[in-house]
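Colleague: Just so you know, we're using our numbering here: the sequence shown kicks off at 106 and counts up by one.
Honestly, the hints are just simulated from the structure, not real lab data.
Mixed in with the good hints, there may be bad ones.
[What the hints assert, rightly or not] Below, computed lysine-lysine pairings styled on PhoX-like, alpha-carbon distance capped at 25 Å:
no., residue 1, residue 2
1, 119, 133
2, 115, 137
3, 145, 158
4, 138, 119
5, 113, 168
6, 174, 119
7, 174, 115
8, 115, 158
9, 152, 115
10, 174, 152
11, 168, 115
12, 168, 138
13, 158, 113
14, 174, 137
15, 145, 174
16, 168, 133
17, 145, 113
18, 152, 119
19, 158, 119
20, 152, 133
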Amino acid sequence: MKEIKDLKLKEMSKVLELAPEEIISEIKSSEKKMFELNMKLQVNELKQTHLLKALRRYIARLKTVAVNKGVNIC
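Whenever a hint applies, use it, and build me the whole structure from the sequences.
Modeller: Here you go:
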């Protein structure tokens, strides 16, 4: 699971402590990483496809926390 640690995903307890601005920036940076991984997948450079699933779930967790805190993420 070293590859997932390379994504630098925060633990849920740390995410819950983030300020609204930090949550938004974390969502944006994670979505950018997701885009980069998808591009690598399309050109057959991505060998660890499980990273896509982990990152997708992480983004969903971030968005859930944002909604619970009343942050407008649009």
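Colleague: Decide, hint by hint, whether the structure agrees.
Modeller: Hints versus structure:
{"no.": "1", "hint": "119 <-> 133", "verdict": "17 Å, holds"}
{"no.": "2", "hint": "115 <-> 137", "verdict": "16 Å, holds"}
{"no.": "3", "hint": "145 <-> 158", "verdict": "14 Å, holds"}
{"no.": "4", "hint": "138 <-> 119", "verdict": "20 Å, holds"}
{"no.": "5", "hint": "113 <-> 168", "verdict": "17 Å, holds"}
{"no.": "6", "hint": "174 <-> 119", "verdict": "14 Å, holds"}
{"no.": "7", "hint": "174 <-> 115", "verdict": "18 Å, holds"}
{"no.": "8", "hint": "115 <-> 158", "verdict": "15 Å, holds"}
{"no.": "9", "hint": "152 <-> 115", "verdict": "23 Å, holds"}
{"no.": "10", "hint": "174 <-> 152", "verdict": "36 Å, violated"}
{"no.": "11", "hint": "168 <-> 115", "verdict": "14 Å, holds"}
{"no.": "12", "hint": "168 <-> 138", "verdict": "16 Å, holds"}
{"no.": "13", "hint": "158 <-> 113", "verdict": "15 Å, holds"}
{"no.": "14", "hint": "174 <-> 137", "verdict": "23 Å, holds"}
{"no.": "15", "hint": "145 <-> 174", "verdict": "34 Å, violated"}
{"no.": "16", "hint": "168 <-> 133", "verdict": "11 Å, holds"}
{"no.": "17", "hint": "145 <-> 113", "verdict": "18 Å, holds"}
{"no.": "18", "hint": "152 <-> 119", "verdict": "29 Å, violated"}
{"no.": "19", "hint": "158 <-> 119", "verdict": "20 Å, holds"}
{"no.": "20", "hint": "152 <-> 133", "verdict": "24 Å, holds"}
The earlier numbered hints that this structure contradicts are 10, 15, 18.
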